[in-house]
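J.: Take these sequences, add in the hints, and give me the full structure.
Protein chains in written order, with my numbering: chain W, 886 to 1384; chain C, 886 to 1384.
Treat each hint with caution, since some may be false.
[What the hints assert, rightly or not] Simulated pairs of lysine-lysine, DSS-like, Cα-Cα distance not exceeding 30 Å:
| no. | chain 1 | residue 1 | chain 2 | residue 2 |
| --- | --- | --- | --- | --- |
| 1 | W | 1130 | C | 912 |
| 2 | W | 1147 | C | 974 |
| 3 | W | 1091 | C | 1306 |
| 4 | W | 1384 | C | 974 |
| 5 | C | 1164 | C | 1130 |
| 6 | W | 1141 | W | 1130 |
| 7 | C | 957 | C | 946 |
| 8 | W | 970 | C | 1384 |
| 9 | W | 912 | C | 1140 |
| 10 | W | 946 | W | 1055 |
| 11 | C | 1286 | C | 970 |
| 12 | W | 1055 | C | 905 |
| 13 | C | 946 | W | 970 |
| 14 | C | 946 | W | 974 |
| 15 | C | 1133 | C | 1280 |
| 16 | W | 949 | C | 914 |
| 17 | C | 1306 | C | 1337 |
| 18 | C | 1379 | W | 1207 |
| 19 | W | 1044 | C | 929 |
| 20 | C | 1007 | W | 1044 |
| 21 | W | 902 | C | 1130 |
| 22 | W | 1193 | W | 1091 |
| 23 | C | 1193 | C | 1133 |
| 24 | C | 902 | W | 1001 |
| 25 | C | 1091 | W | 1286 |
| 26 | C | 1001 | W | 1044 |
| 27 | C | 1381 | W | 1379 |
| 28 | C | 902 | W | 1141 |
| 29 | C | 1280 | W | 1055 |
| 30 | W | 1133 | C | 905 |
Hints were generated in silico from the structure; no laboratory data involved.
For clarity, every value in this text was computed on a predicted model and none was experimentally measured.
Number of protein chains: 2
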Amino acid sequence: MTFANLSELEAQIEAIKDQKKLVKGDKEKEAALALQLKELNVQKAQFGKSSEQQKNKITVKVPKGTRDFNDKEMAVREHMFDTIKSVFKKHGAVTIDTPVFELKEILSGKYGEDSKLIYDLKDQGGEICSLRYDLTVPFARFLAMNRDYQNIKRYHIAKVYRRDNPSINKGRMREFNQCDFDIAGTYEPMVPDAEVIKVAVEILEKLDIGSFFVKLNNRKILDGMFQVCGVPQEKIRAISSAVDKLDKMSWEDVKKEMTEEKGLAPEVADRIGKYVSLKGGADLCEKLIADSTLYSNASAKAGIDEMKTLFVYLDIFGITDKISFDLSLARGLDYYTGVIYEAVFNSTSEETSGVGSIAAGGRYDGLVGMFSGTEVPCVGVSIGIERVYAILMAKQSQSVKTTSTEVYVSAVDGQLAERMKICKELWDNNINAEFTYKASPKIKNQLATCEKQQIPFAIIIGSSEVQQGVVKVKELATGTEESVSRAEMVSYLKAKLGK
Amino acid sequence: MTFANLSELEAQIEAIKDQKKLVKGDKEKEAALALQLKELNVQKAQFGKSSEQQKNKITVKVPKGTRDFNDKEMAVREHMFDTIKSVFKKHGAVTIDTPVFELKEILSGKYGEDSKLIYDLKDQGGEICSLRYDLTVPFARFLAMNRDYQNIKRYHIAKVYRRDNPSINKGRMREFNQCDFDIAGTYEPMVPDAEVIKVAVEILEKLDIGSFFVKLNNRKILDGMFQVCGVPQEKIRAISSAVDKLDKMSWEDVKKEMTEEKGLAPEVADRIGKYVSLKGGADLCEKLIADSTLYSNASAKAGIDEMKTLFVYLDIFGITDKISFDLSLARGLDYYTGVIYEAVFNSTSEETSGVGSIAAGGRYDGLVGMFSGTEVPCVGVSIGIERVYAILMAKQSQSVKTTSTEVYVSAVDGQLAERMKICKELWDNNINAEFTYKASPKIKNQLATCEKQQIPFAIIIGSSEVQQGVVKVKELATGTEESVSRAEMVSYLKAKLGK
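T.: Written as C-alpha cells, this is what we have:
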C-alpha cells in the first residue's frame, strides 16, 4: 500500500485499529490485523525519509542463484524451446504438467548425497513440501498415481531447483530449466532406448550449436566389469563414482583415489584401468564378447547383448557416427539400471569451453516401483538447456528481434485517432501491428523504433493521406514506399506478408 | 536408491560407513553421510515388508491445492496459452521471465491483508525467500532494477502461489497460472489503458468461451465519490471493500455492513447507494459531469475526465458494446491508482455458473516507485486462465487430439526394422511419425491406436510391400488406401499434408 502523505497513512492505521475492535474475539483476524498495524507503523517510522534512504532499506535484487531473463534473452530461449518441442512432437510425444513443489517424502531418498540440495518450503502448518529437484521423480510419481498411463511418451519443459553453490561461469544456477523426454512402458528391448538417443541427436543438430558426440555405456556392463575385476560388492558405488571422474581427471589420479582414498587393491584398479580405456562403436561389442572372463559374468553379458542390439537400431536411425561406446561413462545418479548416455559438446571457443555435457539420460526401470509397488520400465533424456543457451548466446552476433510486430503505424503530424483506427483494422484482420502512445510523436523517432525493432513494414500517414483516403506503406528492407488506398490496405499487406 | 535385495542394501550401508571414515573432520560431508545412513537404515527396517506395506508408508499424492495436468488436459491448456500469446504478440508485446521465488521483503507490504497467504521457503541458511504471489510485483521489481526498461509492453505466462484454502469447485488452487499483459511508460493519458482493455476483449473473444462483458470504473472517481458522500478519510478503504461485494451481495446487506459493522452514518451510506447503482456507457460520463457536487471534487473530476477520454478510444477500437461503466466496481488490490476493470462471464450452464471474473486489471502508477524511488506508470490486465480453462473443459465434447503425429507406421507381419527405417526417413524429412515399439504387433491394434490418437495417415507394410519397394498409405478420414513407391513416399505424404 502506498500513501501520498503521512496523514493518509495515519488514517489507515486508525481504520485498522477500528477493524481490530470489530473482529475482537476472532483470533485469526485479530492477529492478521495486528501484523498489518506493525507493518504500517514501520512505514510510518520511515515516512519522510528520502526515497534514497528508503531504497537502502529494501535490497532490490533477485535471490542468489536465480536470474531474470529480459526480452532479448527470452527471444533466444523461446526459439530454443520451440525447436526442442518441435522434435519432441515429431516423435509423437505428449506433454504433462506437475506442481513445482512435491511432498517432501516423495523426493526423499532419490538423489543420494545430493538430497542436501533440495529446497524445502517453510512449515506454515499443513503438509511438508519441497521444490522439485528434477522432472524425473515427479514423472515417476505421476505414473505411479495414474495406472492408465503405463505406456506414455511424454516431454516436460519446466524449472527445477537445487540449493547448490551458484556459479555464473559454470552456468550452475539454483533455478534452471530442464527439457525432459521419456518413454514409459514394457517394449521390445532397446527400441525405445534407440529412439530416445535419436531424439537427443536430432535436437542437438537442429539447435545448430556445433560439433558434439554421444558417449554411451550400460550400467549392467559396469556392474559386471567391477565384479570380474574383483571390486568388493560394498565398494562398487564408490569405485563407480571414481570412474565417472575420468572425463575431468587423468587415470593416474583416478587410480590414486581408488587405491589410496577408497582402499582398492592396486591390481584390481589396474584391471579396471584396462577396461575403462576402451572406446569404440559396434566393434567394441564383439571385442567384449570375445573377452570370455567378462562375457561369462551374467550382468556384463546382459549389458553387452543389449548394446549389440542397440547398435543395430542406432544404425537404422543413421546416428552411429555420433556415438562413442565408452566404458568410462558411469553417470552420477543412482536410479539408472541399463543403457546410459551423455552428449558432449566439442567446444572450439574459449567462451564455451568447459560446457561439457549438453544432454544426458538413461534407463531407469526401478523408480516408479518405489512409489507404486508396480514396476514401469522407463528410459529418458534431459537436454542441458542452460548449457545450450549459453552456447547459443555466445554465438549470437546480431541483435535479436524480440517482437512479432509486422506493421508499425506512424504519422508525420500526430494523427493519434487515425493511427489507432488503422491499428484496429489491422488487428481485426490478424496483422500484428503497433503504434506509439504519444499524441504528437516525431516521424524520425517512429521510423527509428520501427527499424530498431526490425519491423518489416511501416505505415506513414499525414493529413493529406487521411483526406485522400490512402496510406503510404514503406518496406523497411528495400526502402521502397507505395501509396495504397485505405480500402486495399489490409489485402495489400496480407499479400506482402504472405498471409 | 533401489536395492534388489537386502544384502545389496547392507553393502551400501557399509560403503557409506567407509566413506564417512574417509571424510572424518569435514563436518559438512560427515553430516550428509550420516543423513544418508539414517535413511538407509530406515529402508533396511522396511525391507522385506510387502510392497503394500511400503506403499502405505509414503503417501503418493500431490500437495494440497496443487494438481497434475495429464496429456489431454495439457492439450486444451496449450491451445489456450497459444491463443492468448498470439493476441499478446499481435499487439507487439515481448516476454520476460522472473524467478519463481523472490526475496521475502520484495513481496512484503504489497498485498495488504492477503500477505498471510504468501508461501515462504524454509530458512536453510542464506536469504529469506517466498514464492511469488502474482506476476505484477516481480514485474515492478524488474522495472526498478532495469532502468533501460522504462517503456515496455510485456506479457508473462507463469505459475503463482497462494496458501489459500483450496476449493476445487470454485477453481481456487494454491498453484495456478496467470497470464499478464502490462504496458509501462509515460504516455498520452488513457491510450495504453484502452489498448490493454482491447487486448483482454480480443483474447476472450478468440477463446470462444461465450458471452461476457467488461465492468469499468476508476479509483479516482471512487475516492472522490466517497469524499463527497461524507465518508471519513480513515474509513474509505473499508467502505470501498464493502462496495466491492455488490456483485455477490444485495445493496441492503452491503449497507448493513457499512453502517452496523463499519460504523458509517446511514445517510452517508444512502448517498453512496445512489452512486453505486449507476451503470452505463459514455453517457454516464455526461451524467456525472452534470452532477456538480461530484464534479467539483478534484479527484472525481480527474477520474471522470479520464473516463470520457477512455470512451473515445474504446469507441475507436470498436469495443464499447462490451463495456459497462459501473460505479460499484472497486477491486480488492491496494495498488490501483486509476482505471480499473473486470471481465465477467455470462454463464448459461450450471457447470460454469459462479465462474464470475475471467480477466481483471487496472492502472498502478505507484508500485515501481516503491522499489526504485522513480515512478514508472503502468497499466495491465491478468487473464483468469484457470477459470477460462474450467469453461473450456466444460465445453469440451469430443476427445482431444494430444499428439502432433501425422503418420503412424504399421505392419501386418512385424517388420520392426523396416518400420524403424521408414520412420527415420519421415523424421529426416520433417514429418511427424510414430511406430509401436513391439516386435510383432497385431495390425488391428496398430490401426486402433492410429484411430484413437486421431492420426490422419497410416502406412501399412508387409513382406510383399517390402519386396516390391512400396508402401500402402491409408487416409483415416476417408478410409482410402493407395500404394506408393518407397522413393515417392515422402513427397506423396508431404503433398497430402500440405507441407
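J.: Hint by hint, say whether it matches the structure.
T.: Here is how each hint holds up against the structure:
1. W/1130 <-> C/912: Distance of about 24 Å is within 30 Å: holds.
2. W/1147 <-> C/974: Cα-Cα ~58 Å, so violated.
3. W/1091 <-> C/1306: Answer holds: residue 1091 of chain W to residue 1306 of chain C is near 20 Å, not above 30 Å.
4. W/1384 <-> C/974: 16 Å, holds
5. C/1164 <-> C/1130: This hinted pair holds, its Cα atoms lying about 16 Å apart.
6. W/1141 <-> W/1130: With Cα atoms ~12 Å apart, residue 1141 of chain W and residue 1130 of chain W stay inside 30 Å; holds.
7. C/957 <-> C/946: 20 Å, holds
8. W/970 <-> C/1384: 18 Å, holds
9. W/912 <-> C/1140: Answer holds: residue 912 of chain W to residue 1140 of chain C is near 26 Å, not above 30 Å.
10. W/946 <-> W/1055: It holds: about 21 Å lies between the C-alpha atoms, which stays within 30 Å.
11. C/1286 <-> C/970: 21 Å, holds
12. W/1055 <-> C/905: Holds - the C-alpha atoms of residue 905 of chain C and residue 1055 of chain W are around 28 Å apart, at most 30 Å.
13. C/946 <-> W/970: At roughly 28 Å apart (the allowed maximum being 30 Å), residue 970 of chain W and residue 946 of chain C satisfy the hint.
14. C/946 <-> W/974: At roughly 28 Å apart (the allowed maximum being 30 Å), residue 974 of chain W and residue 946 of chain C satisfy the hint.
15. C/1133 <-> C/1280: Holds, at about 25 Å.
16. W/949 <-> C/914: Between residue 949 of chain W and residue 914 of chain C the Cα gap is close to 23 Å, so the pair holds against 30 Å.
17. C/1306 <-> C/1337: 24 Å, holds
18. C/1379 <-> W/1207: 28 Å, holds
19. W/1044 <-> C/929: 33 Å, violated
20. C/1007 <-> W/1044: 19 Å, holds
21. W/902 <-> C/1130: 22 Å, holds
22. W/1193 <-> W/1091: Holds, at roughly 28 Å.
23. C/1193 <-> C/1133: Roughly 28 Å separates the two Cα atoms, so the pair holds.
24. C/902 <-> W/1001: 18 Å, holds
25. C/1091 <-> W/1286: 26 Å, holds
26. C/1001 <-> W/1044: The given pair, whose Cα atoms are some 26 Å apart, holds under the 30 Å limit.
27. C/1381 <-> W/1379: 25 Å, holds
28. C/902 <-> W/1141: With Cα atoms ~20 Å apart, residue 902 of chain C and residue 1141 of chain W stay inside 30 Å; holds.
29. C/1280 <-> W/1055: Outside the cut-off at roughly 48 Å; violated.
30. W/1133 <-> C/905: 24 Å, holds
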